[in-house]
Amino acid sequence: MLCLGIEATAHTVGIGIVEQNNGKCNVLSNVLKIYRPEQGGIHPREAANHHTIYIADLIKESINVANVSFSEIDLISFSKGPGLGPCLRTGATAARALSLTLDKPLIGVNHCVAHLEIGRGTLNDCNDPVLLYTSGANTQVIAFAEGRYRVFGETLDIGIGNCLDKFGRTVGLDFPCGPAIEKLAVNGKKYLDLPYTIKGMDIAFSGLLTAAEQYYRANKSLEDICYSIQETTFAALTEVTERAMAHTEKDEVLLGGGVAANKKLREMVQIMAKERGASFFVPSKDLCIDNGAMIAWLGVLMYNSGIRLKVENSFIDQRFRTDMVDVTWRD
Amino acid sequence: MTKEKIIYQGAEAKICKSKYMDFDVVKKRRIKKSYRIREIDNRLIFYRTKEESKLMTEARKFGVSVPIIFDVDTKNGIITMEFLVGKRIKDILNDLSEKERIRICKMIGESIAKLHNNNIIHGDITTSNMIYQDDRIHFIDFGLGEKNGEIEAKGVDLHVLMEAIESTHSRYSNCFDYVLEGYKNKLKNDGNLVIKKIAEIVKRGRYR
Ligand SMILES: Nc1ncnc2c1ncn2[C@@H]1O[C@H](COP(=O)(O)OP(=O)(O)O)[C@@H](O)[C@H]1O
Ligand SMILES: [Mg+2]
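Protein chains in written order, with the numbering used here: chain R, 1011 to 1341; chain H, 7 to 214.
In short, the hints are calculated from the structure, not lab data.
A hint or two may mislead.
[Unchecked claim] Per label pair, the in silico range of CB-to-CB distance:
1) H:Gln15 with R:Asp1138: 12 to 22 Å
2) R:Lys1193 with H:Glu10: 42 to 52 Å
3) R:Ser1315 with H:Tyr26: 52 to 62 Å
4) R:Arg1227 with H:Lys56: 24 to 34 Å
5) R:Ser1315 with H:Asn100: 26 to 36 Å
6) H:Ser176 with R:Ser1315: 18 to 28 Å
7) H:Glu156 with R:Arg1179: 26 to 36 Å
8) H:Asp79 with R:Glu1056: 54 to 64 Å
9) H:Val208 with R:Pro1189: 26 to 36 Å
10) R:Asn1229 with H:Val208: 37 to 47 Å
11) R:Arg1227 with H:Ser40: 32 to 42 Å
[As the list claims (entries may be wrong)] BS3-like, lysine-lysine: derived pairs with alpha carbons at most 25 Å apart:
12) H:Lys81 with R:Lys1200
13) R:Lys1176 with H:Lys209
14) R:Lys1200 with H:Lys38
15) H:Lys20 with R:Lys1284
All of these numbers come straight from a predicted model, not from anything done at the bench.
Note that the Cβ used here is the ideal one computed from N, Cα and C, for glycine as well.
Generate the whole structure from the sequences, applying the supplied hints.
The structure is reproduced here in structure tokens:
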């Protein structure tokens, strides 16, 4: 079965084509374009306009890269949410149009669950992980419990990616700032005390952000500040992930989201896993960031488990909660 | 020397059963984590051990049931406290009768209100951190707690419990409503302000 997936929840518009092979996910193509605001945060309308401009070409490109024809596609999948309304609508509209013109079934999927399923689908032995999902807006710890994917921990204020970007902007780094901060941090030597805020398995970053900006204004070395930000925020993320693993008694951990590309974060979670005797997993980078292939893959799983969606019911849901998804494809 | 037996190993601490004079005690020892740098590790272990023992002592003063603390060693991150023979709420809640469950949930809410009346934020209110004994709810594990009178802090405190109930006792998620009922009854200030805050916290987090 071939499925074409459309991702458009925020900055990224992405199209991927996957096929199921012995229960595993085989990615045939995965192309995307990222909207980068000139300054400030994301403007939902502008992002949606950006996606509208590129989406048709990306669809064609995905077909070419996968080396298939439109008539071979069996299923169209799209991100139903959570995300920004205008962006989601752009993706859903394209998906409906494709489904109607190709006369192929349509399915709407949860973006956060897709980040977890693409790990299970593409990595060997990754069966029942706790996912640490870290991106711009999202920071969540997700695991399967009592028949659903449940959020065990999440940010109480801003996502870790936004935290890094906000700090980076204040000190004049190029957007996205995560990679620049990672580079600077390598040369940091002195740890500067920063707030470390955990409540239960939830986490907060705004206090740390303010303190880090104060260090900058006080002319502390930027390298030391970046080093301290990374050590503190990533330790807190690793800790809440470990708490969720202990709580759910699981021995696999999976990373997902754009910040999962950070070497320091990977290293810390990997050490934690090793000390617990747990396995550590991270998908390839193009499958960590927002992408169409993971949307396609979750579409395959849902469709094969018997879920059907009528075009007239293909609504988007900006606040689509992870634990609202009825997980019919695993037990 | 009395022999010590590990009865629980969590993400953060090892819990050993031991003897202190003639008392049955547990020793909670916070473990070093090699994924974080020494500066952060030392700070967290010291601070949480100190804060946990301080808040427990204070909670007891205000009539909330907590284990008696016998000894605190902040340098090595060890708290020696009374061993509670009761059962964790996590392990009994799902098996209670409807009536009993409602009664227990209201009691939980009342105890949390007593903490909050005195600006004690627990920081990790889950059903694993409550032990039911002598028909009272005993609270443990205050290491993520703080003294804070703000509505925001109290809302976050209850939000943690809401998430714990949703994920661990999903069949009985109305439990949280009964907790809030007990909470409102005992809270000195307007409990509705805190409850409104919870709704706000829910919105800014995962529903975005
Ligand atoms: N005073 C005590 N009496 C009896 N059991 C305890 C006591 N303190 C802790 N425990 C047991 O150990 C477990 C973990 O202790 P806790 O303080 O919650 O540490 P953690 O931070 O690892 O959750 C508890 O869930 C409980 O089962
Ligand atoms: Mg505990």
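Hint by hint, here is what the structure shows:
About 20 Å separates the C-beta atoms of Gln15 (chain H) and Asp1138 (chain R), a value consistent with the hinted range of 12 to 22 Å. For Lys1193 (chain R) paired with Glu10 (chain H), a C-beta distance near 47 Å keeps the hint of 42 to 52 Å intact. At roughly 55 Å, the beta-carbon separation of Ser1315 (chain R) and Tyr26 (chain H) lies within the given 52 to 62 Å, and the hint holds. Range check, Arg1227 (chain R) to Lys56 (chain H): about 31 Å between beta-carbon atoms, so the 24 to 34 Å window is met.
About 27 Å separates the C-beta atoms of Ser1315 (chain R) and Asn100 (chain H), a value consistent with the hinted range of 26 to 36 Å. Judged by the Cβ atoms, the range 18 to 28 Å given for Ser176 (chain H) and Ser1315 (chain R) holds: they are separated by roughly 21 Å. Hint check: Glu156 (chain H) to Arg1179 (chain R), Cβ distance near 28 Å, so the stated range 26 to 36 Å holds. In this structure the hint that Asp79 (chain H) and Glu1056 (chain R) lie 54 to 64 Å apart at CB holds, the actual value being about 57 Å.
Range check, Val208 (chain H) to Pro1189 (chain R): about 33 Å between beta-carbon atoms, so the 26 to 36 Å window is met. Distance hint check for Asn1229 (chain R) and Val208 (chain H): the Cβ-Cβ separation is about 40 Å, which falls inside the suggested range of 37 to 47 Å. Arg1227 (chain R) and Ser40 (chain H) have their C-beta atoms about 33 Å apart, which keeps the hinted 32 to 42 Å range intact. At most 25 Å may separate the alpha-carbon atoms for a hinted pair to count; Lys81 (chain H) and Lys1200 (chain R) meet this at roughly 23 Å.
The hinted pair formed by Lys1176 (chain R) and Lys209 (chain H) meets the criterion: a straight-line CA distance of about 21 Å does not exceed 25 Å. Proposed proximity of Lys1200 (chain R) and Lys38 (chain H) is supported: the alpha carbons are some 20 Å apart, at most 25 Å. Restraint check: the Cα-Cα separation between Lys20 (chain H) and Lys1284 (chain R) comes to about 18 Å, which is no more than 25 Å; the hinted pair holds.
Taken one by one, the earlier hints all hold for this structure without exception.
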